[in-house]
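**Student:** Produce the entire structure from the sequences given, and follow the hints as far as they go.
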Amino acid sequence: MNKGLVLAIETSCDETAAAVVAEGKHVLSSVVSSQVDIHARYGGVVPEVASRAHVDLIIPVIAQTLIEAGIEHHDLDLIAATRGPGLIGSLLVGVSAAKSLALVWNKPFIGVNHLEGHLYSSFLEEPDLELPMVILLVSGGHTMLVSMDEHLTYKVLGQTLDDAAGEAYDKVARYLGLGYPGGPIIDKLAASGQAEIKFPRPMIAEGYNFSFSGLKTAVINYVRKNPDISDENVSASFQEAVVDVLVTKTIRAAKDQNAVGVCIGGGVAANSRLREAILEACPKEGLKPFIPSRSYCTDNAAMIGAAAWRRFKNEGASSLATGANPNLRIPE
Amino acid sequence: MLILGIESSTSQVGCAIGGHEGVLASAHSSRGKRHAESLTPQIEFVCKQARVELQEISIIAVDIGPGLYTGLRVGITSAISIAFGLNVPMIGVSSLDLVAYPIRHCQKLIVAAVDARRDEIFHANYRQVPGGIQRVSEPVVITPEDLSAELLASSDEVQLVGDGAIRYAGHFNDLKGVEPAEPGLAFPSASSLVQLAHAKALREDFIKPSELKPLYLRKPDALEIDKQKRRVDR
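Chains Y and S, in that order, give the protein sequences.
Heads up: the first sequence runs through residues 1 to 332, numbered per the numbering used here.
Heads up: the second sequence runs through residues 333 to 566, numbered per the numbering used here.
Don't take every hint at face value.
Residues on chain Y that point at chain S, a partial pick, calculated with CB under 8 Å [unchecked claim]: (1) Val46; (2) Ile58; (3) Gln64; (4) Val95; (5) Leu103; (6) Trp105; (7) Pro283; (8) Leu287.
List of simulated lysine-lysine pairs, DSS-like, C-alpha gap at most 27 Å [stated by the list, open to error]: (9) Lys508/S x Lys440/S; (10) Lys107/Y x Lys540/S; (11) Lys25/Y x Lys155/Y; (12) Lys107/Y x Lys508/S; (13) Lys107/Y x Lys25/Y; (14) Lys545/S x Lys532/S.
Covered stretches of chain Y (chain S as the covering partner; in silico rule of three or more C-beta atoms under 8 Å from a C-beta of chain S) [what the hints assert, rightly or not]: (15) 86-92; (16) 119-126; (17) 235-241.
It is worth saying that the hints were derived from the structure and are not from the lab.
Positions of the beta carbon are idealized from the N, C-alpha and C atoms, including for glycine.
**Tutor:** Take a look at the structure:
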């Protein structure tokens, strides 16, 4: 008999997701319905399109996740939803569904910070990770270095001053005419290319903040001047520059913070070169790396369930008057 | 039979419970657009006032629009979630039906006009029939100029109703044979929703939560692509 069952819902951007997680660590089911094909023809996430798709998908996804978990609603102990940050119209679908189900099934509700979800994705597979650790959270919307000294206590060491890393991937891919989303496409092309072009490593030696806008511009200007360069080589060179900056700063932050280990999270954490580079760099510095499965890096509801249970044990349920906050930060 | 009606397609959000005995309790608020914050506590409140357990509800009715998209989605998502959670059927009613219904005793042509923002109106026409109203035109999105031109060209005496008629009052004030309904009737009400849903429930005019679709009347592309392009060009 499983205890501490959380039904978690995540609809902050373009994935409609639900999961059942026991005690914040054992995933009984995790369903993600991606809208990526719907948005691909627009070359990016269109908020109104995303919100409409969430309304259509939310109940089928919740129903599916309960079936896959093999549980009935009366087995649940908590219902959670991402309340921010993200697209307001998308967030409201998940929050409204979760609060309504909590009301109908007479269960406590908790609103979860999406970023906290990403920080907790590592604990789904490795519940006993040692603290303090430094987490690189890197996606299409965020690029930040966070130190976690104890549970639910964070310090943001640095973040991007302009484009998020994933955003730079999308924009470079769009310029090269490679399609959307840019991350997986560039990652794949880079695997068969040579990182022969020395693109700039913005701010690599200074502080913990990031800047990827200039790198994106450098790539575009280079391709303008050298139109015959192969997509593979541009991709490999661009990716090498991004990964170099991310890994160098993460390792430096972890050493400065006397962290035991390093975790990564967010959609760009699914990037194969970044995963490889973190695994290479950490042991050299005496740091323990932890790389979550790809399905827990990209947006998912299991991580929301993990964070929800921690928060709930610590401070109890949220009010049913909870709304969505598209600009939520950590720490709040 | 106990019906929970949820209505959130305009700047107002509300809910009501009723059945064979009529409306047992209702609530609404129209302070800004915080539909998601207001709705769940409102449902809890209305249940208490009606002295009904939510688990006793046998039908969920919802305003399917047209209206303001974000509010509409909060109401529809809440309604389908409650129907799924209770495993009960649903009834969808258009916001235009809901604003026309309270003036059903009017002999004139009833012109429902819900504010669609961006200088447009969601609109449909209604006529009185025994026991209620009947929609006599397809719901459309139209500019106030075009709607006023249609009203001018019509031979009917017109009763205009809805928040679109108030927001764009300048286009309709001086039209001959066009009378605006009182502002108190401008918004769709959850009580009307429960009453209309009751009639449909007697005919077993139900749909499943998975079949319920919001009535947007506009494609999402038109709204977003320009914005998206600008963002990319930046």
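**Student:** If you check each hint against the structure, which ones fail?
**Tutor:** Failing hints, ascending: 3, 7, 8, 12, 16, 17.
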